[in-house]
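Note that the protein sequences, when read in sequence, are chains A and B. Each residue of the first sequence is one higher than the one before, starting from 1 at the first, in my numbering. Each residue of the second sequence is one higher than the one before, starting from 1 at the first, in my numbering.
Derived from the structure by calculation, the hints contain no laboratory data. Virtual Cβ for every residue (Gly too), placed ideally from N, Cα, C. Hints may contain errors.
Stated by the list, open to error - Here are the computed distance ranges between Cβ atoms for each label pair:
(1) Leu3/A x Ile54/B: 26 to 36 Å
(2) Arg60/A x Phe137/B: 41 to 51 Å
(3) Lys86/B x Ala61/A: 38 to 48 Å
(4) Met96/A x Leu138/B: 54 to 64 Å
(5) Leu157/B x Asp81/A: 40 to 50 Å
(6) Leu138/B x Asp2/A: 41 to 51 Å
(7) Leu3/A x Lys86/B: 44 to 54 Å
(8) Gly171/B x Asp2/A: 51 to 61 Å
(9) Leu64/B x His93/A: 25 to 35 Å
(10) Asn44/B x Thr59/A: 26 to 36 Å
(11) Leu138/B x Asn34/A: 46 to 56 Å
Residue-level listing of the chains:
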Amino acid sequence: MDLLSRTEEIVLLAVYRLDGSAYGVTIRSEVQANTGINLSVGAVYVPLERLTRQGLLQTRAGEPTPERGGRSKRYYQITADGLAALQEVQRLHRAMWSNLPDPLALPEAELA
Amino acid sequence: MPERPPRLAEWTLGLLLNPKHRETLLGDFTEEYSRRASQVGVSNAKRWYWMETIKSSPALFHLLAMNFNRSEVMQKLSSLTRQNHKMAGLGLLLIIPALILCSGGLALSLLGMNAFSNAINFDLFIFNPLVLLGGLFLAFVLNLLTVAQVKIQDGSLTGTIRLRGKELNLGLLTCIGLLLSVIFLYLLAENFQIFAR
Numbered sequence: 001m002d003l004l005s006r007t008e009e010i011v012l013l014a015v016y017r018l019d020g021s022a023y024g025v026t027i028r029s030e031v032q033a034n035t036g037i038n039l040s041v042g043a044v045y046v047p048l049e050r051l052t053r054q055g056l057l058q059t060r061a062g063e064p065t066p067e068r069g070g071r072s073k074r075y076y077q078i079t080a081d082g083l084a085a086l087q088e089v090q091r092l093h094r095a096m097w098s099n100l101p102d103p104l105a106l107p108e109a110e111l112a
Numbered sequence: 001m002p003e004r005p006p007r008l009a010e011w012t013l014g015l016l017l018n019p020k021h022r023e024t025l026l027g028d029f030t031e032e033y034s035r036r037a038s039q040v041g042v043s044n045a046k047r048w049y050w051m052e053t054i055k056s057s058p059a060l061f062h063l064l065a066m067n068f069n070r071s072e073v074m075q076k077l078s079s080l081t082r083q084n085h086k087m088a089g090l091g092l093l094l095i096i097p098a099l100i101l102c103s104g105g106l107a108l109s110l111l112g113m114n115a116f117s118n119a120i121n122f123d124l125f126i127f128n129p130l131v132l133l134g135g136l137f138l139a140f141v142l143n144l145l146t147v148a149q150v151k152i153q154d155g156s157l158t159g160t161i162r163l164r165g166k167e168l169n170l171g172l173l174t175c176i177g178l179l180l181s182v183i184f185l186y187l188l189a190e191n192f193q194i195f196a197r
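Take the sequences, apply the hints, and build the full model.
Structure below.
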């Protein structure tokens with residue numbers, strides 16, 4: 001399995017957290033609320049397209065609403081492969097951080 | 001009734017979107033715009049819409065590239081090159097400035113007719129060398145595409161020239177060849193003083 005990029009990981013996690021109510025606007029808000037990263041409306045769709053192509057996400061058409069000018073939404077849902085990819089990322093993070101001292105506790109000189 | 005986003009910005013955005021994402025992305029923009037318009041005012045929301053369109057454009061180009069369908073483009077191109085008469089007509093329009101210029105020059109050099117050459121207003125933009133040569137080049141390429149076909153198959157490059165029903169295009173290609181020869185000869189003569197005057 002290919003490693004996820006940082007943006008892909010964040011977007012995939014946002015979709016997972018939103019649990020069925022994930023579409024462009026909510027994904028953007030979720031990312032901003034949790035990370036402070038302000039992705040542009042278009043920028044969310046690049047990782048979403050890539051993750052969908054890799055089979056880590058699946059989409060379904062939503063209902064058109066008046067505040068969207070009568071245009072429909074596209075909802076994103078994580079797949080079993082997507083969940084496995086997230087578990088793999090988490091496992092890697094844990095493995096790489098294990099047996100290391102807390103970086104915040106290190107003196108400045110050691111960090112440089 | 002929700003506020004409608006700025007039309008020009010929406011139109012610009014529509015140009016950058018591929019059909020697959022058009023509905024969803026325009027919907028996202030409109031939803032966010034409506035929310036902002038009701039919270040912070042319409043002018044602020046309009047400014048946001050424009051800024052966000054600009055900010056999103058690199059990602060939208062990326063999406064366009066990701067969904068670029070080569071065979072669809074080739075299909076459109078091949079249907080274009082099947083329109084023999086249209087290509088010949090368009091080519092003829094493109095070479096008109098060169099035809100006028102060369103006819104005037106030839107009339108003056110060969111027949112000593114000043115009137116025709118004097119009647120041409122050389123200040124017109126169509127007689128700009130860039131427009132003139134660009135038109136010739138474009139007309140040449142458009143008509144060459146209808147006549148010649150190059151294929152790469154099994155690692156070998158094959159070229160085919162189709163002549164049946166392509167008389168107009170072949171005629172135009174010959175005409176462009178002659179015009180280019182006249183221009184080339186003129187430039188040679190002028191630059192190297194080949195013919196004493």
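Going down the list of hints, with the structure as the test:
no.	hint	result
1	Leu3/A x Ile54/B: 26 to 36 Å	holds, 32 Å
2	Arg60/A x Phe137/B: 41 to 51 Å	holds, 50 Å
3	Lys86/B x Ala61/A: 38 to 48 Å	holds, 39 Å
4	Met96/A x Leu138/B: 54 to 64 Å	holds, 58 Å
5	Leu157/B x Asp81/A: 40 to 50 Å	holds, 42 Å
6	Leu138/B x Asp2/A: 41 to 51 Å	holds, 44 Å
7	Leu3/A x Lys86/B: 44 to 54 Å	holds, 51 Å
8	Gly171/B x Asp2/A: 51 to 61 Å	holds, 56 Å
9	Leu64/B x His93/A: 25 to 35 Å	holds, 34 Å
10	Asn44/B x Thr59/A: 26 to 36 Å	holds, 32 Å
11	Leu138/B x Asn34/A: 46 to 56 Å	holds, 53 Å
The structure fails none of the hints (numbered hints given earlier).
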